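Top to bottom, those sequences are chains F and P.
Numbered according to my numbering, the first sequence spans residues 4 to 115.
Numbered according to my numbering, the second sequence spans residues 20 to 132.
These are calculated hints, taken from the structure and not from any lab test.
A couple of the hints might just be wrong.
Straight line, CA to CA, 25 Å or less: simulated DSS-like cross-link-like pairs of lysine-lysine [as the list claims (entries may be wrong)]: (1) Lys96/P to Lys71/P; (2) Lys124/P to Lys71/P; (3) Lys44/F to Lys96/P; (4) Lys68/P to Lys87/P; (5) Lys44/F to Lys75/P; (6) Lys69/F to Lys58/F; (7) Lys124/P to Lys75/P; (8) Lys68/P to Lys124/P; (9) Lys68/P to Lys44/F.
Here the structure is a predicted model, which is why all the values come from computation and not from measurement.
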Amino acid sequence: GAVVSQHPSWVICKSGTSVKIECRSLDFQATTMFWYRQFPKQSLMLMATSNEGSKATYEQGVEKDKFLINHASLTLSTLTVTSAHPEDSSFYICSATDYGYTFGSGTRLTVV
Amino acid sequence: GDSVTQMEGPVTLSEEAFLTINCTYTATGYPSLFWYVQYPGEGLQLLLKATKADDKGSNKGFEATYRKETTSFHLEKGSVQVSDSAVYFCALSPNSGNTPLVFGKGTRLSVIA
């Protein structure tokens, strides 16, 4: 079946630094990927839709300059959290579509 | 817009009890419906899905039937196990191109031995 690899699974960084999260579709090509953020004991909040070769579409209230999304190939999308602050600490999950929706295993980001 | 409403938890059951998690939706057109499961610290795994009215999705003893007349997709399992403890999300896809899933708020299930 379709597999989406998300890396890293967890990361701790200092305030003010940037962190990159990768999302790869391993056995299919994904023209569209989605990035979600999940707060503790809450549902997934869609951050942006990433389309290969074009700019990402951000949801209202999501800072595009803070959460940089790049979808340079049909199998890779990246989310970079720039100048991270403690309030950016969260669980980030990507999803890719082929004939269905496949999710990565998530990245736990802790900003100290 | 499209939306999904599912019963809020947490739900606590004893092992071998019957499980029902209610899910209703609002959508224009003919969405596909999904149940996803999330174990602690992990991403979402597809549990089952249904793409049209009266379809029944099933997997690992879980079942859900797409009921268009009641706009519902309730999740059921006849006999839960401790290993079923997780958060369950009901979701819909509007089936209009590469659009994101619309999620319910999730229901946390705890099964005790």
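### Message
For lysine 68/P and lysine 124/P, compute the direct alpha-carbon distance and say whether it is at most 25 Å.
### Response
18 Å, holds
Exercise. Given the proposed pairing of lysine 68/P with lysine 44/F, does the C-alpha separation stay at or below 25 Å?
Worked result: 23 Å, holds
- Is the hinted pair lysine 124/P and lysine 75/P satisfied, with a Cα-Cα distance of at most 25 Å? Within the cut-off at roughly 22 Å; holds.
Next on the checklist: Would the hint linking lysine 44/F and lysine 96/P be met if the CA-CA limit is 25 Å?
Outcome noted: 23 Å, holds
Please work out if lysine 69/F and lysine 58/F have their alpha carbons no farther apart than 25 Å.
-> 15 Å, holds
Run the distance test for lysine 68/P versus lysine 87/P: straight-line Cα separation, threshold 25 Å.
Within the cut-off at roughly 14 Å; holds.
Would you mind confirming whether the straight-line C-alpha gap from lysine 44/F to lysine 75/P stays at or under 25 Å? Roughly 29 Å separates the two Cα atoms, so the pair is violated.
Open item on the list: Does lysine 71/P sit within 25 Å of lysine 124/P, going by the straight-line distance between their CA atoms?
Closed with: 23 Å, holds
*asked:* For lysine 96/P and lysine 71/P, compute the direct alpha-carbon distance and say whether it is at most 25 Å.
replied: It holds: about 21 Å lies between the C-alpha atoms, which stays within 25 Å.
Violated hints amount to a single one, hint 5; each of the other numbered hints is respected by the structure.
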